[in-house]
Amino acid sequence: MNLQKLLPKVIVVVKQGGDFIRKEQATFNLDRLEFKGPNDLVSYVDREAEKILVAGLQELLPKAGFITEEGTVSQDYAPMQWVIDPLDGTTNFVHGIPFFSVSVALLSEGKPILGVVYEINRDECFYALKDGKSYCNEKEISVSSTSTLNDSIVTSGLPRSHFEKLTNYQDIMTSLIQQSQGVRRFGSAAADLAYVACGRVSCFFEPYLNSYDVAAGALIVQQAGGRVTDFQGGNNYLFGGEIIAANGVHSGVLEIIRRYW
220 MNLQKLLPKV IVVVKQGGDF IRKEQATFNL DRLEFKGPND LVSYVDREAE
270 KILVAGLQEL LPKAGFITEE GTVSQDYAPM QWVIDPLDGT TNFVHGIPFF
320 SVSVALLSEG KPILGVVYEI NRDECFYALK DGKSYCNEKE ISVSSTSTLN
370 DSIVTSGLPR SHFEKLTNYQ DIMTSLIQQS QGVRRFGSAA ADLAYVACGR
420 VSCFFEPYLN SYDVAAGALI VQQAGGRVTD FQGGNNYLFG GEIIAANGVH
470 SGVLEIIRRY W
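Each residue of the sequence shown is one higher than the one before, counting from 220 in the numbering used here.
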């Protein structure tokens, strides 16, 4: 399989999903909103965008399986698997906050080898191949050269569940707020990771995420020169639910997280 030839075709499919989401912004009705769980929103837009992505990607690699946010399952035993979040930032979308993305990764034997993150409203497409470079709209990108927290912006999510760990999370945030130039919560993990990769922010961390939230973005960060780990400094970030993705501040952020988590 030639990944160099596959990548532009994947980007076309991802942008088709993004175009659908963009068009739906203007007419979206909150009455059509659903809940998968407490504080966990889903809409017909998520589901229809996923159908577009699955159909397009299935044409490209008919034998590949799928891991998706909205539950598409096909050949989940396959050595090659697409990992899809059709609308990462659903809560932002339904409230009219223009920060959300499409995330698609291709796994081989459980490891990302291709990743695409499309930030829809900025029309910015971030992508990378394993052992290659990372790009945004055909321009090579790299993580920031900043190596100290006091020169850094850090991004994260905010807990929507597992509130028994809320005090631990607050302690981490307090420490980072005191030591960095600022902490931001944008609302799309995939786009947060893309922002680490292109140097806009120095670090992204969050617990309780899924593979479809991070698979594409993590690869893009790594190929842009960044480091990606779980909260123990290990490699179980894809399916382990915890991720730290950063440039040269990674070790400092990891130390803070391990102290309180």
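Worth flagging that the hints you see were computed from the coordinates, not collected in a lab.
You may find that some hints are simply not true.
[What the hints assert, rightly or not] Listed below are the simulated PhoX-like cross-link pairs for lysine-lysine, each with C-alpha atoms no more than 20 Å apart in a straight line: (1) Lys224 with Lys234; (2) Lys228 with Lys384; (3) Lys358 with Lys224.
Results for each hint:
Taking the CA atoms of Lys224 and Lys234, the gap is near 17 Å; set against the 20 Å cutoff, the hint holds. Restraint check: the Cα-Cα separation between Lys228 and Lys384 comes to about 42 Å, which exceeds 20 Å; the hinted pair is violated. Proximity of Lys358 to Lys224 is assessed by CA-CA distance (about 18 Å); at most 20 Å being required, the pair is judged to hold.
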